[in-house]
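**Q** Could you build the full structure based on these sequences and the hints that come with them?
Chain order of the listed sequences is P and H.
To convert, note that position 325 of the first sequence is 325 in the working numbering; the numbers rise steadily by one, no gaps.
Take any residue in the second sequence, count from 1 to its spot, add 400: that is its number in the working numbering.
Simulated from the structure, these hints should not be mistaken for lab results.
Heads up, some of the hints might be wrong.
Listed next, the in silico DSBU-like pairs over lysine-lysine satisfying Cα-Cα at most 35 Å (straight line) [unchecked claim]:
{"hint": "1", "chain 1": "P", "residue 1": "K168", "chain 2": "H", "residue 2": "K663"}
{"hint": "2", "chain 1": "H", "residue 1": "K568", "chain 2": "H", "residue 2": "K734"}
{"hint": "3", "chain 1": "H", "residue 1": "K663", "chain 2": "P", "residue 2": "K347"}
{"hint": "4", "chain 1": "H", "residue 1": "K663", "chain 2": "H", "residue 2": "K568"}
{"hint": "5", "chain 1": "H", "residue 1": "K747", "chain 2": "H", "residue 2": "K734"}
{"hint": "6", "chain 1": "H", "residue 1": "K747", "chain 2": "H", "residue 2": "K785"}
{"hint": "7", "chain 1": "P", "residue 1": "K263", "chain 2": "P", "residue 2": "K168"}
{"hint": "8", "chain 1": "H", "residue 1": "K555", "chain 2": "H", "residue 2": "K734"}
{"hint": "9", "chain 1": "H", "residue 1": "K747", "chain 2": "P", "residue 2": "K263"}
{"hint": "10", "chain 1": "P", "residue 1": "K168", "chain 2": "P", "residue 2": "K155"}
{"hint": "11", "chain 1": "H", "residue 1": "K568", "chain 2": "H", "residue 2": "K555"}
{"hint": "12", "chain 1": "H", "residue 1": "K568", "chain 2": "P", "residue 2": "K168"}
{"hint": "13", "chain 1": "H", "residue 1": "K734", "chain 2": "P", "residue 2": "K263"}
{"hint": "14", "chain 1": "P", "residue 1": "K334", "chain 2": "P", "residue 2": "K385"}
{"hint": "15", "chain 1": "P", "residue 1": "K334", "chain 2": "H", "residue 2": "K663"}
{"hint": "16", "chain 1": "H", "residue 1": "K663", "chain 2": "P", "residue 2": "K263"}
{"hint": "17", "chain 1": "P", "residue 1": "K155", "chain 2": "P", "residue 2": "K385"}
{"hint": "18", "chain 1": "H", "residue 1": "K734", "chain 2": "H", "residue 2": "K785"}
{"hint": "19", "chain 1": "H", "residue 1": "K568", "chain 2": "P", "residue 2": "K263"}
Only some residues are given here: those of chain P computed to face chain H with a beta carbon under 8 Å [as the list claims (entries may be wrong)]:
{"hint": "20", "residue": "A38"}
{"hint": "21", "residue": "A62"}
{"hint": "22", "residue": "P245"}
{"hint": "23", "residue": "Y362"}
These stretches of chain H come out as covered by chain P in the derived footprint (C-beta under 8 Å, 3 or more residues) [stated by the list, open to error]:
{"hint": "24", "stretch": "404–411"}
{"hint": "25", "stretch": "460–473"}
{"hint": "26", "stretch": "600–611"}
{"hint": "27", "stretch": "662–673"}
All residues carry an ideal CB built from backbone N, CA and C; glycine is no exception.
Below are the chains, spelled out letter by letter.
2 protein chains.
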Amino acid sequence: MATLPPLAHRVGSYRPSKVREVFAQANAPGMISLAGGAPFLGDLPFGELATQASSILTEQGAVALQYSFGVGLPRLRQQIADVMALEGMDVDPDDVIVTAGSQLALEAICKVMVDPGDVVITEGPCYAGGLSAVMSYDTDVRHAETDDDGLVIDKLAAQIDELIARGKTVKMVYAIPTFQNPGNTVLPPERRQALVQLCSDRGILLIEDNAYGLLGFDGETVRAMKADAPEQVAYLGSFSKMFGPGLRLGWIVPPRELVGVLKDTVETFILNPPTMGQLQMSAYLDGYDWQGLLERMRALYERRCDTLIAALRGSMPASVTWQRPRGSFYLWVKLPEGLDSEDLMVKAMARGVVFVPGTAFYIDGQGHDRMRLSYCLPTEEQLTKAGTILGELITEELAR
Amino acid sequence: MATLPPLAHRVGSYRPSKVREVFAQANAPGMISLAGGAPFLGDLPFGELATQASSILTEQGAVALQYSFGVGLPRLRQQIADVMALEGMDVDPDDVIVTAGSQLALEAICKVMVDPGDVVITEGPCYAGGLSAVMSYDTDVRHAETDDDGLVIDKLAAQIDELIARGKTVKMVYAIPTFQNPGNTVLPPERRQALVQLCSDRGILLIEDNAYGLLGFDGETVRAMKADAPEQVAYLGSFSKMFGPGLRLGWIVPPRELVGVLKDTVETFILNPPTMGQLQMSAYLDGYDWQGLLERMRALYERRCDTLIAALRGSMPASVTWQRPRGSFYLWVKLPEGLDSEDLMVKAMARGVVFVPGTAFYIDGQGHDRMRLSYCLPTEEQLTKAGTILGELITEELAR
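**A** So, in structure tokens, the structure goes:
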């Protein structure tokens, strides 16, 4: 007879993933999925990638399949610093810690920083995977208010001060300032400065998650908060959206004070990031015009975004609103009173369209009036069809 | 001015890695390293691996570089179940959770099971990476006594009962029953049974880490504890030693009761294990006679082991002893009184040989009388030279 001990207390703070439930259905045959955050990979240079992978294995296979540096390969760390320079950051490659996806980078930061009961503030709404990570350490997670430009800093300041006055320890603010997921807002420069100042004044670590920063439709990049406050900001980067997620490669550049303890933490997690994948990523960045491809990807995503919006415009009641994205993958749709996004999702799936209801991005029951529609992966034809189906559905629902 | 909050309390339980310090020196030019646990990869079929990787990227690149199932690819989970069948286990592929290395599997189990102050018992000595993982959750880690056959179960029972009597919560026993690292002991069947029974009686999760099980010199496999107690044992597997660690792929098969919460935990860590690497691993297992290669590897490791032993025999005083390994990578050498392994390591490095002092495998100051010598990676020529250098050094040291 097997007998197991009780689970750790922190498991009680785990978050049942609504997104995961949605995804389980998203791949049903014939279903058009506006649910995922998966980038379009069809234009990647698979022939060249195949040649590169083949060369790596024939020329240095015993290196590629072996253990390697816990912090990542030196060449890739330099390349990451070069990528970050595009958004205004001057980073010492020695401060770059490569991880098996930036999700694990966020885990590492939580493990290092958060005691049970500590407050972590996230945007409301917040990337569901980020919420899962920060909640999983018995954390007291709070949402901060956002508007069409993202975090509202004076309200955040008041919220933090009230928490501190009540004896709470506010450890971190987790933010996606550029092309926020799911709100797709871009935090303006003056708010970035104010946010950094606020965190510095209150002794709070500011986590800047920037998976989408290079995906602005106009090709312009926004100066990262890390650029002006390297010692206040733990920066999370990812190759998942600007290349593809299948190699599982992300990175952290923390304040220098935290580099040592985060190196140890990541090494204890995975010993080292995948060696083969790092060499593949490195070869791609060195051997291919990846910035040229990214430019074509930005144009594609913008076309897809506009296609979805056109379909929604043509079929939605005017009471359904959104802000046109300036980049990235997501349309964050506001529903009029009387509609519920979870209910709508079930009905939309019966008509062959799946999306993520807004409730997946909050921990406090908000989001019933929001849907996140991803336009990154479906074709324009699918987007037109899906947008029209959603518009018809919502029109019918409102008429009832 | 940057101001950061204090670190989480658990960081105080992190373990400074002596092994890491050693490894930093191990790659110095001309140094013969007996320090690592890196497998010999020179005989891998790099041409075929290159062809496979190339085919994956040209034929299904948009799958290989995309997100995939959080638990791992279905085909690979089936193949893992097939590998486990070689050691007597009848595993449902649905219970297999693929991870980015089995180190992350151990992390996931700790995160799910261990509250601050909970006791985790490990073998003394214990794999240094395993110690780092279990210690990193504010755990009360205790070593259990071992002899030439591994864990001494009646002593372990008394130790557990004493801890329980003192009000401690003993959550897990972490063990490497087959080719233990670093002791290279093989736990006999009757002790395995007794260990399972003990854990079942006391409500303790038994972690069976089995990275080396297929590396017995005689090619015979030992029946895993998991085979007879699937609901008491969380089994950790790895492709790192039987193939190579560069893809970072390991797995957990927990008691079924823990599958759900561990899936969630691993997904929160990494979203999904590397898709490309999983396809590569899967193609290798399907398309190559990997068991034939493993047979050649076992013979190679045995030759290297015997070469190192011969060099030690020829140069060491008789007061230096060891048990001849029956498989795997490590010789666990016992030093006579008056010698200190950390001191010896420094002196050995000055002569061009590096190894891991026994103290790296204990948390309580034991191990000054032990050295772990790895014979897996150096050539026979290097092993003869390194063994002779160590023998001469120790002879001189004892004569002083």
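**Q** It remains to establish, for every hint, whether it holds in the given structure.
**A** Results for each hint:
Among the hinted pairs, P/K168 with H/K663 is consistent with the structure: their alpha-carbon atoms are about 32 Å apart, no more than 35 Å. Between H/K568 and H/K734, the direct Cα distance comes to roughly 33 Å. Compliance with the 35 Å bound is thereby established for this hinted pair. As the CA atoms of H/K663 and P/K347 are separated by approximately 29 Å, the hinted pair is consistent with the 35 Å bound. With a CA separation close to 28 Å, the supplied pair H/K663 and H/K568 stays within the 35 Å bound.
For a cut-off of 35 Å, the pair hint linking H/K747 to H/K734 stands: about 17 Å separates their Cα positions. The hinted pair formed by H/K747 and H/K785 meets the criterion: a straight-line CA distance of about 16 Å does not exceed 35 Å. In summary, the hint linking P/K263 to P/K168 is supported, as the alpha carbons are separated by about 28 Å, within the 35 Å threshold. A threshold of 35 Å between alpha carbons decides the hint, and for H/K555 with H/K734 the separation of about 22 Å falls inside it, so the pair holds.
With a C-alpha separation of about 29 Å, the suggested pair H/K747 and P/K263 falls inside the 35 Å cut-off, and the hint holds. Between the alpha carbons of P/K168 and P/K155 the distance comes to roughly 17 Å, so the proposed pair stays at or under 35 Å and holds. With a C-alpha separation of about 17 Å, the suggested pairing of H/K568 with H/K555 holds against the 35 Å cut-off. Distance restraint check for H/K568 and P/K168: the Cα-Cα separation of roughly 30 Å lies within the 35 Å cut-off, and the hinted pair is therefore satisfied.
At roughly 33 Å between alpha-carbon atoms, H/K734 and P/K263 fall within 35 Å of each other, so this suggested pair holds. Of the supplied pair hints, the one linking P/K334 and P/K385 holds, its CA atoms being roughly 20 Å apart against a limit of 35 Å. Restraint check for P/K334 and H/K663: satisfied, since their Cα atoms lie roughly 33 Å apart, inside the 35 Å limit. Between H/K663 and P/K263 the alpha-carbon distance is near 25 Å, which keeps this suggested pair within the 35 Å criterion.
Annotation: proposed proximity of P/K155 to P/K385 is violated, straight-line Cα distance about 40 Å (limit 35 Å). The suggested pairing of H/K734 with H/K785 holds, with an alpha-carbon distance near 20 Å, which does not exceed 35 Å. At roughly 32 Å between alpha-carbon atoms, H/K568 and P/K263 fall within 35 Å of each other, so this suggested pair holds. For P/A38, the shortest C-beta to C-beta distance to chain H is roughly 5 Å, which falls under 8 Å, so the interface hint holds.
Annotation: interface hint on P/A62 holds; nearest CB of chain H at approximately 4 Å, less than 8 Å. Annotation: P/P245 was flagged as interfacial toward chain H, and the flag holds, the nearest CB pair being 5 Å apart, inside 8 Å. Violation of the interface hint for P/Y362 is found here, the shortest Cβ-Cβ separation to chain H being roughly 18 Å, above the 8 Å cut-off. Counting residues of the stretch 404–411 of chain H whose beta carbon lies closer than 8 Å to any beta carbon of chain P gives 7, which reaches the threshold of three, so the coverage claim holds.
Residues of the stretch 460–473 of chain H with a Cβ under 8 Å from some Cβ of chain P number 9, which satisfies the need for three, so the listed coverage holds. Given as covered by chain P, the stretch 600–611 of chain H passes the check, having 6 residues with a CB less than 8 Å from a CB of that chain where 3 are the minimum. Counting residues of the stretch 662–673 of chain H whose beta carbon lies closer than 8 Å to any beta carbon of chain P gives 9, which meets the minimum of three for the stated coverage.
Consistency with the previously given hints fails for numbers 17 and 23, ordered from lowest to highest.
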